[in-house]
Amino acid sequence: MEKSHPLPLTCLLVDDNPDDRALATRALQLEFPGMQVEFVTDMGEFMRRIEAGNLDLVITDFHLRWTDGLNILRLVKAALPECPVVMFTGTGSEEIAVEAMQAGLDDYVLKAPRHYALLPTRIRSILDRAEQRQLLHKAENALRESESRLRAIIDTEPECVKIIGPDHRLQFMNASGLTMIEADSGEQVLGKKLLNMLLPEYRQAFKNLTSNVLAGNKGSLEFEIIGLKGHRRWLETHAVPLVSEIDGSTSLLSITRDITERKLAESGRAQLAAIINSAIDFIGVCGQDGKVSFVNQAGRNMLGIAMDEDLSTTHMQAYLPVWAEERVIGHGIPTAIREGMWYGESALLCRNGQEIPVSAVIVAHKLPDGSVDFFSTIMRDISERKLHEAQLLHLATHDSLTGLPNRALYTDRLEVAILEAQRRGRLVAAMYLNLDRFKTINDTLGHEIGNALLQAVAERLEQRIRDDDTLARPGGDEFALVFTDIEQLDDVSELTQKVLHSFKVPFHIKEHELFLTASIGIAVYPHDDLTPGGLLKNAAIALNRSKDMGGDAYQFYTAEMNAKALQHLILDNALHHALERGELQLYYQPQLDLVTGQVCGMEALLRWQHPELGMISPAEFIPLAEKTGLIVPIGEWVLRTACAQNQAWQLPGRPALPIAVNLSGRQFAQHNLAQTITRILAQTGLAPDLLELEITESTLIQDIQTSISMLHELNALGIAISIDDFGTGYSSLSYLKRFPINAIKIDQSFVRDIHTDPNDAAIVSAIIAMARSLGMKTIAEGVETNEQLVFLQSRQCDLMQGYYFSRPVPAEVITQMLNEDWCLSFVVNS
Numbered sequence: 001m002e003k004s005h006p007l008p009l010t011c012l013l014v015d016d017n018p019d020d021r022a023l024a025t026r027a028l029q030l031e032f033p034g035m036q037v038e039f040v041t042d043m044g045e046f047m048r049r050i051e052a053g054n055l056d057l058v059i060t061d062f063h064l065r066w067t068d069g070l071n072i073l074r075l076v077k078a079a080l081p082e083c084p085v086v087m088f089t090g091t092g093s094e095e096i097a098v099e100a101m102q103a104g105l106d107d108y109v110l111k112a113p114r115h116y117a118l119l120p121t122r123i124r125s126i127l128d129r130a131e132q133r134q135l136l137h138k139a140e141n142a143l144r145e146s147e148s149r150l151r152a153i154i155d156t157e158p159e160c161v162k163i164i165g166p167d168h169r170l171q172f173m174n175a176s177g178l179t180m181i182e183a184d185s186g187e188q189v190l191g192k193k194l195l196n197m198l199l200p201e202y203r204q205a206f207k208n209l210t211s212n213v214l215a216g217n218k219g220s221l222e223f224e225i226i227g228l229k230g231h232r233r234w235l236e237t238h239a240v241p242l243v244s245e246i247d248g249s250t251s252l253l254s255i256t257r258d259i260t261e262r263k264l265a266e267s268g269r270a271q272l273a274a275i276i277n278s279a280i281d282f283i284g285v286c287g288q289d290g291k292v293s294f295v296n297q298a299g300r301n302m303l304g305i306a307m308d309e310d311l312s313t314t315h316m317q318a319y320l321p322v323w324a325e326e327r328v329i330g331h332g333i334p335t336a337i338r339e340g341m342w343y344g345e346s347a348l349l350c351r352n353g354q355e356i357p358v359s360a361v362i363v364a365h366k367l368p369d370g371s372v373d374f375f376s377t378i379m380r381d382i383s384e385r386k387l388h389e390a391q392l393l394h395l396a397t398h399d400s401l402t403g404l405p406n407r408a409l410y411t412d413r414l415e416v417a418i419l420e421a422q423r424r425g426r427l428v429a430a431m432y433l434n435l436d437r438f439k440t441i442n443d444t445l446g447h448e449i450g451n452a453l454l455q456a457v458a459e460r461l462e463q464r465i466r467d468d469d470t471l472a473r474p475g476g477d478e479f480a481l482v483f484t485d486i487e488q489l490d491d492v493s494e495l496t497q498k499v500l501h502s503f504k505v506p507f508h509i510k511e512h513e514l515f516l517t518a519s520i521g522i523a524v525y526p527h528d529d530l531t532p533g534g535l536l537k538n539a540a541i542a543l544n545r546s547k548d549m550g551g552d553a554y555q556f557y558t559a560e561m562n563a564k565a566l567q568h569l570i571l572d573n574a575l576h577h578a579l580e581r582g583e584l585q586l587y588y589q590p591q592l593d594l595v596t597g598q599v600c601g602m603e604a605l606l607r608w609q610h611p612e613l614g615m616i617s618p619a620e621f622i623p624l625a626e627k628t629g630l631i632v633p634i635g636e637w638v639l640r641t642a643c644a645q646n647q648a649w650q651l652p653g654r655p656a657l658p659i660a661v662n663l664s665g666r667q668f669a670q671h672n673l674a675q676t677i678t679r680i681l682a683q684t685g686l687a688p689d690l691l692e693l694e695i696t697e698s699t700l701i702q703d704i705q706t707s708i709s710m711l712h713e714l715n716a717l718g719i720a721i722s723i724d725d726f727g728t729g730y731s732s733l734s735y736l737k738r739f740p741i742n743a744i745k746i747d748q749s750f751v752r753d754i755h756t757d758p759n760d761a762a763i764v765s766a767i768i769a770m771a772r773s774l775g776m777k778t779i780a781e782g783v784e785t786n787e788q789l790v791f792l793q794s795r796q797c798d799l800m801q802g803y804y805f806s807r808p809v810p811a812e813v814i815t816q817m818l819n820e821d822w823c824l825s826f827v828v829n830s
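Using full-length UniProt numbering, the letters of the sequence shown map in sequence onto residues 1 to 830.
One thing to keep in mind: the hints can contain errors.
[As the list claims (entries may be wrong)] DSS-like cross-link-like pairs, simulated, lysine-lysine; straight-line CA separation at most 25 Å: (1) Lys547 / Lys510; (2) Lys138 / Lys192; (3) Lys138 / Lys439; (4) Lys439 / Lys537; (5) Lys627 / Lys737.
[Said to hold, decoys possible] Derived Cβ-Cβ restraints for the label pairs, each shown as a range: (6) Ala117 / Gly425: 53 to 63 Å; (7) Ala117 / Arg385: 28 to 38 Å; (8) Gly304 / Glu384: 30 to 40 Å; (9) Pro200 / Ser125: 20 to 30 Å; (10) Arg351 / Asp289: 16 to 26 Å; (11) Pro200 / Arg124: 48 to 58 Å; (12) Arg114 / Arg351: 45 to 55 Å.
Derived from the structure by calculation, the hints contain no laboratory data.
A virtual CB, placed ideally from N, CA and C, is assigned to each residue, including glycine.
Use the sequences and the hints to build the structure in full.
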């Protein structure tokens, strides 16, 4: 709470600059309304004004054309010792300011762009201190007067002197005693017993004292009375027997002093001690030599020291960790001596060796001559705050699920590793690791299992890396590694193979046995880039290449990968406009009956005719469309265009031919897929039984139950379903027989070598036999030779498509085929 100062205050401003005077006056009068600010501009005016006195404050600039601030200070302090003086000094004049402070300057303000904004606060503080000094002087004067009176009283028997006769009645009391018991005259108490004036709890002790002294012994007693005018007093009496020389009777002679103030002080000290010892903070006192003189109960508890243990020979250094000695003794103590107080953070060293972090305040208590009398300190245990700060820092730099470093800390570690490698001429490998098929596990078994799997992966990988390497989790199913202190690239390959090998053992999460593989992309400093950002970008490119190759592998970054990534980016941007610009086209590949040789259907295949890049392979842009989600609108366009074209081919007298359209995984996952197909069939007029949807085996096993439900929904529309690329996935007969499937397409990878590779021949034969046993048709893809054709016929495959009959061709070529009734002539081997 700010103190209010009596108004009006009078300030003398000594400054040659009228602008500075105006600014200072405005700042002062805003803070102290009604303050009278007077100016002087030469020595004559100044001397006359200070001789007149009645000044509350003097503010002077150091640089004056007719004198300097130090001279002004000395003259003011000589004429008006109690008047506060503040000096403006320029930057770089700190030595002058120190000299001025030693000469009695109350404060100084460094001239700066906003130094007038600091002035009111400094002035208020100075006026407060001046007021405190005045009060202190008054108190000191009062004390001196009291001491003078006390000496006068002592000279005239200031203490109570009384005599109590053998009958316990008061015989004599001096003026001081009468005053002490609030008697206006001796007649009020002489001849009476004083016992009733004592508080009840002291009466028996007073009786005993009186009887004991009258029996010839000395005695003393402290007791409390209620004076005749109702005021309570503490008295201390010392009594001796006084034997009458006349009759030999014994009376009691006592000197009694008023100890009320002492008792109140003792009570106050006891209360203060109780308060200090009940405080939860460390409170301690030590001398200017550093020897400890007091530590409160909380402080002793923190240090592990008994309350009755003497600490007077112990130096404060004994309770400081080595690292904190310089902070407290080397910096804190000198700061407290110089500025009065030091505040900072340190630590206490307990008897058991534990360190307790504390926030500390050290105050230097000085004698009138400015020398240090003693130091007091208050320290608060900040262990919980430090723990919380450490937890917050850990959360800011670590992944909350696995406890691994996050992307920010990983990047920082990579940067440090690069600097160290640069200094030592070593290599650094930055890696991205992506878990293959993790999304399938997470979506199928739930996030709880997925999170537990990520934690298990993190734990296993931590066991595979070296102590100086870094494992991090940037997010999702991705991990990142830094391999440091690498001598040659072969070392990187060896370390990476160890990481991949760690996935050979399945993960056991609750009741699930989970097999997992990983894809890794690697960029090496300094071969691939010199910066953390560049290395991570290149590692990401290498990771994508590793994933494109099927996963469970690692790839080093190459410049060709960067070019390919750039090409992908160009294609990605162009693909967003390909549909609206009419650059997408449908080609059609006929499917032939292997018994009759007649065209019995066709498959719609997407092509992209880029105006500048030419015909772009589906293998390049279909994965991009899948990643970006563009496959959904593109797929719907393909479906609508294919249905409309097939409806155009349905002419009287011409056999009804179904058309096969590929469905992507994203399309199949659309909850409104059946409604979309129903709408397209209605818009194009195509009968449902003339549409066949091809779905890859890997798409179907993403979520078995959802796939079965969706297939039944499509089957109910009358649409035929075929499994594309059969044999390349992981499905089993137990799943296959639950799917409402009409046909199985044998992948080209098996057909290519069926006439030369016994394994491929056996696989194709088994697929055909299995499909036949389940009542499904088989369609062989990629038939290019007569030998392949003959083999498929011999195994009773139903349909084929491939270059042996026709490449994918535009719709008008198919129209010509149908008009001319093209077919394939062959002899079926018996």
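> Regarding the pair Lys138 and Lys439, is the alpha-carbon distance no greater than 25 Å?
Replying inline: violated (84 Å)
> Does the hinted range 28 to 38 Å hold for Ala117 and Arg385 at CB?
Replying inline: holds (33 Å)
>> I want to verify a distance hint. Is the separation of the beta carbons of Arg351 and Asp289 within 16 to 26 Å?
In response: holds (23 Å)
> Is it true that the C-beta distance of Pro200 to Arg124 lies inside 48 to 58 Å, as the hint says?
Replying inline: The hinted range 48 to 58 Å holds for Pro200 and Arg124, with Cβ atoms some 53 Å apart.
> Within a Cα-Cα threshold of 25 Å, do Lys627 and Lys737 meet the stated pairing?
Replying inline: violated (31 Å)
> Holds or violated: are the alpha carbons of Lys547 and Lys510 at most 25 Å from each other?
Replying inline: violated (28 Å)
> Holds or violated: 53 to 63 Å for the Cβ distance of Ala117 and Gly425?
Replying inline: Once the Cβ atoms are compared, 56 Å apart, the range 53 to 63 Å for Gly425 and Ala117 holds.
> Is the Cα-Cα distance between Lys439 and Lys537 25 Å or less?
Replying inline: holds (23 Å)
>> Can you tell me whether the CB distance of Gly304 to Glu384 sits inside 30 to 40 Å?
In response: violated (19 Å)
> Does the hinted range 20 to 30 Å hold for Pro200 and Ser125 at CB?
Replying inline: Given about 53 Å between the Cβ atoms, the range is violated.
> Given the proposed pairing of Lys138 with Lys192, does the C-alpha separation stay at or below 25 Å?
Replying inline: This hinted pair is violated, its Cα atoms lying about 43 Å apart.
> Cβ-Cβ distance between Arg114 and Arg351: within 45 to 55 Å?
Replying inline: holds (51 Å)
In summary, the numbered hints that this structure violates are 1, 2, 3, 5, 8, 9.
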